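Whenever a hint applies, use it, and build me the whole structure from the sequences.
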Amino acid sequence: MYNNGSELFNLPVSNFRQRVVNLFGVKTNEKLVPIEEETPVVKISGFVVKPEHVKKTKPLQFLLVNDRFIRSRYLNHAITLAYEGLLASQVQPEYFIRLEMNPATIDINIHPTKTEIKFEDEHTIYAMLKSAVKHALGQFNVMPTLDFEKDASVDIPYSYKEKLPVFPTISVDPNFNPFKAESKTNPPVGSYMKKSNPTWGSIYSGLQEAVDTFEPQVVESRIFYRGNPTNYNRLIPKRLFLLVKNI
1 MYNNGSELFN LPVSNFRQRV VNLFGVKTNE KLVPIEEETP VVKISGFVVK PEHVKKTKPL
61 QFLLVNDRFI RSRYLNHAIT LAYEGLLASQ VQPEYFIRLE MNPATIDINI HPTKTEIKFE
121 DEHTIYAMLK SAVKHALGQF NVMPTLDFEK DASVDIPYSY KEKLPVFPTI SVDPNFNPFK
181 AESKTNPPVG SYMKKSNPTW GSIYSGLQEA VDTFEPQVVE SRIFYRGNPT NYNRLIPKRL
241 FLLVKNI
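So in UniProt numbering, spot 6 of the sequence shown is number 6, and the numbers just go up one at a time.
Do not take every clue at face value.
Unchecked claim - The following label-pair restraints were derived from C-beta to C-beta distances: (1) 9 - 58: 15 to 21 Å; (2) 114 - 26: 30 to 36 Å; (3) 6 - 52: 32 to 38 Å; (4) 6 - 56: 17 to 23 Å; (5) 38 - 74: 18 to 24 Å; (6) 18 - 112: 14 to 20 Å; (7) 10 - 102: 31 to 37 Å; (8) 71 - 123: 16 to 22 Å; (9) 7 - 85: 17 to 23 Å; (10) 14 - 85: 30 to 36 Å.
Think of the hints as simulated: they come from the structure by calculation, not from any bench. Keep in mind the model is a prediction, meaning the values are calculated, not measured. Every residue, glycine too, gets a C-beta built ideally from N, C-alpha and C.
In structure tokens form, the structure reads like this:
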């Protein structure tokens with residue numbers, strides 16, 4: 001490779017991994033995690049860099065579509081999302097990824113530099129690329145780990161530390177007996193009887209030859225308990241004449 005007549009690179013024929021190592025140093029080889037996924041839509045191959053080796057500034061990001069270098073913030077976001085939980089905030093992943101697909105499904109004429117491409121189905125490419133990177137990281141055990149030696153109390157929010165558990169209280173009536181049959185009591189007799197002040201203090205009955213007298217309150221009580229008694233009428237009415245002084 002030459003630039004203004006000066007030789008920049010003179011590299012032997014090699015595979016993609018060797019080419020990356022030849023360009024960026026021998027130590028790069030141990031930092032790479034291989035990717036290999038093939039679908040009817042796209043073939044994804046190449047390498048991503050292990051999270052612990054990612055540089056904080058000027059990350060190496062190379063995305064090739066049909067061996068043409070492109071820039072795509074959209075696809076870069078898919079790769080970054082696959083690293084979720086592995087990189088610190090504001091740190092970008094490093095990768096060397098090749099996408100091979102049908103040329104009829106892409107358009108390279110949307111930018112003068114030919115470094116931007118329009119995909120026929122960019123949402124599918126996004127999902128497949130994210131899945132391929134995440135699968136590669138998981139396959140080589142490059143995933144977030146749980147620290148079981150960590151004191152769990154540091155993860156408890158302050159607002160929950162001072163709160164004690166509150167248990168519900170149950171109030172019980174000590175006099176309640178669920179096996180006791182409900183008793184039905186009648187109100188006092190006096191509540192059904194109307195208090196009256198008659199002009200006489202006795203009731204006279206002419207059912208017998210003699211005159212009988214009854215206390216009104218006693219009669220009312222008797223009627224209440226016995227219900228409606230049977231009435232008997234005399235065959236021949238008999239008049240009774242009383243003197244005022246005898247009443």
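Enumerated hints in conflict with the structure, sorted upward: 4, 6, 9
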